[in-house]
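Starting from the known structure of chain C, fit chain D onto it as the hints suggest.
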Amino acid sequence: MTRLLKLAVTSVLALVVLALPAFAQGTGMIFVSNEKSHEIVVLSPEHEIIKRIETSQRPRDMHFNADRTLLFVACGDDDVIDVIDMATLEVVDSIPTGPSPEVFAFSPDESLIYVSNEENSTLEVLERETGITVADIPTGAEPEGVILTPDGSVAYVTSEVADMIHVVDTSANVVTKNILVGTRPRRFIMAPDESEIWVSAELSSEIYVIDMETNEVSDVLEFLPPGFRPEDVTPVGMAITADGSKVLISLGRANHIAVVDRVSRETLSYVLVGSRAWSVALNRDETIAIVANGLSDDITVVDMESMRPVESIPVGRVPHTVLIDD
Amino acid sequence: MRALLFVIILVFGGSVTAAAATDLPIGFLALEDDPRYDADMAYARIQLRPTGDAAEGAAMALADMKIVTDAVGLTPQLSIVRAPDSDGLAAAAQEMVAAGTNFIVADLPAAELAALSESLTGQPVTLMNATAQDNALRGMCAENMLHVAASDRMLADALTQYLRLRNWTRILMLTGKDERDPIFAAAFRESAERLRLTIVAEREFDLSTNPELRDQNNIQLLTAGTSEYDVVFIADAVGEFGRYVEYQTSLPRPVIGNAGLTPLEWHWSLERYGAPQVNSRFESASDGGRRMGWQDWSAWTATRAVITAYAKSGSTEYADVLAYLTSDRLRLDGSKGQTQSFRPWDHQMRQPILLTTDNAIIGVAPFEGFLHETNTLDTLGSDEREFVCD
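For the record, the sequence lines run as chains C and D. With the numbering used here applied, the first sequence corresponds to residues 1 to 326, in that order. With the numbering used here applied, the second sequence corresponds to residues 1001 to 1390, in that order.
Extracted from the complex, chain C is given alone in its bound form (with noise of 0.2 Å):
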């Protein structure tokens, strides 16, 4: 798409937005990107498939934007981020990244994408409508999950291969200090008191949990559901109430999520979920979770009152990330 039809699309997209401010908010519907067959499966609040929006190659982690009008998906295999209008289901935009985007996080304002090019090591940081690339932070090699403090000031981003997690000052984009933690970073969650982030340590099987004070790892955690090896625990996608006071992990090969009292550190229930656990979601009343389960090519509801898996839906290649809009 050229950059004058781009702007052209915008526009008119902003305009259709204006008129319609509330239309996609609250919906229900469960969004969820297949890496493998390129699109993102729409599900009702019933959990049928109504629609399977045909997107750019690799759809992986997606995010909204405040209102919720608008579905940002990266494609890590054509190198852009894509813009899905929430109205019509349709993608309208494609903005371009540097090669083979993974994860990004938005500013406060939403004017900025940090995005993880995982094959060329960096962070980069875009202007949403112009698609003008503002900075390149180089990182370790490939970097994947991204988080932003709620004013923006800082980002953190994990480098799978250096197994660090870099923290980026965002006035100067430049990385203030590195953190050393276990194998294989992958995500984040933060806690809203912004005391501190957890991320998941794929092959060391391993959460750390590092102060925002003071920037240092100040836990180590360790899961094992029963019936499993330790190194059947491959934590990635994670999970948080809003109250700060749970955080759900999906524990990847072990099959399994965990529900973790956030304070005590303590594991409240493992659930058994589908092949290869990979991302989770929770809606807004936090009375069910949504598991993306990267091997068995479906996704779990799991109960949050019972703590029980209740309906698996298949749901196409490699589901990767699971957003619901409620």
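If you are wondering where the hints come from, they were derived from the structure by calculation, not from laboratory data. All values reported here derive from a predicted model rather than from experimental measurement. All C-beta atoms, glycine included, are put in the ideal place defined by N, C-alpha and C. It is possible that some hints are incorrect.
[Said to hold, decoys possible] Now the in silico label distances, taken between C-beta atoms and shown as ranges:
#1 Ala1063/D / Val220/C: 49 to 55 Å
#2 Pro192/C / Asp1034/D: 58 to 64 Å
#3 Glu1193/D / Pro192/C: 57 to 63 Å
#4 Glu311/C / Glu1228/D: 45 to 51 Å
[Claimed, not checked] With the C-beta cut set under 8 Å, the calculated list includes, among others, these residues of chain D facing chain C:
#5 Met1065
#6 Gly1274
#7 Ser1280
#8 Arg1290
#9 Asn1375
Okay, now just chain D, sitting in the frame of chain C:
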């Protein structure tokens, strides 16, 4: 004799952090004209073997780890030396040790590596065996060797697990006359015994067209006149015979071993576990943009293991670094989906093994259902209870 043809020093210095940078010399030793990389074995430019330089894998490890070594104040220096024979290798290694090198990545055949290990006994240096798969090197129980290359037995176990899984239990074995062939065949035989597979016949093949050796050089004759078999296993390190066996067997059966379905430490077609990123970094960095072979992966992994041990042990003392490297804290990622560490009994690195064709990964061993009391990776290779030093 000290005939070192050339010495390359690669320095990845870069920005020095607040911590005072400490030099970290790492050696890389290879044989000049190593026959294992000889491109001239077959005519018509048929590539039978890797012809690239595994040192490129080691260099990539320095680049990959630069951000870590910068952060902890280390400056790795890779010194790549090739020597024509065992005396030259020993002299080169002595020079490295004198310069403070504690770890040397060895891209050497088994005989040269065994001699080098003996010549360095008692010195503060560990050889990281990147490319010699011979079981006998593990049986030496040398204190100064760590084996990153998979052993023949691990490769054989990956194959036999797959045969068990498919219930292909009857095997015709073909073995060549290269010195490596009976060694790999013996490892396969032991492995087949452990999984109670039946070897219906073992035959030696010959590369000639000599009519007197027709029963050894004619593939149809070589694979006929036996009781029923499910697969043909071939031990053929040279590869010139093996590439003709598929589709010419007397019975229509798959071929495994050094031809057909081949067990390897690494293959460019692995799509999961971050492997595509490793492959594309290697293709960008390597001479001529070649694909990463198992030898390159092995040199990359060996070098990363050493640098990781320095960074994570928080020490530059040889004893501390070695203790970390050989402990279960290592948990090294090899982009094959499982963490790797060294077995205390035979100094062999645990790792998954890929079963490969020309352009696909058919499976990754250990396979589901092959269980072990402590670590399923230990279903590949000599386990603690059966291992004895020679």
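A quick look at each hint next to the structure:
1. Ala1063/D / Val220/C: 49 to 55 Å: violated (28 Å)
2. Pro192/C / Asp1034/D: 58 to 64 Å: Holds, since Pro192/C and Asp1034/D (Cβ atoms, about 59 Å apart) stay within the stated range.
3. Glu1193/D / Pro192/C: 57 to 63 Å: holds (60 Å)
4. Glu311/C / Glu1228/D: 45 to 51 Å: holds (48 Å)
5. Met1065: holds (7 Å)
6. Gly1274: The hint holds - Gly1274/D has a Cβ within 8 Å of chain C, the shortest such distance being about 6 Å.
7. Ser1280: This interface hint holds because 6 Å falls under the 8 Å limit.
8. Arg1290: violated (18 Å)
9. Asn1375: holds (6 Å)
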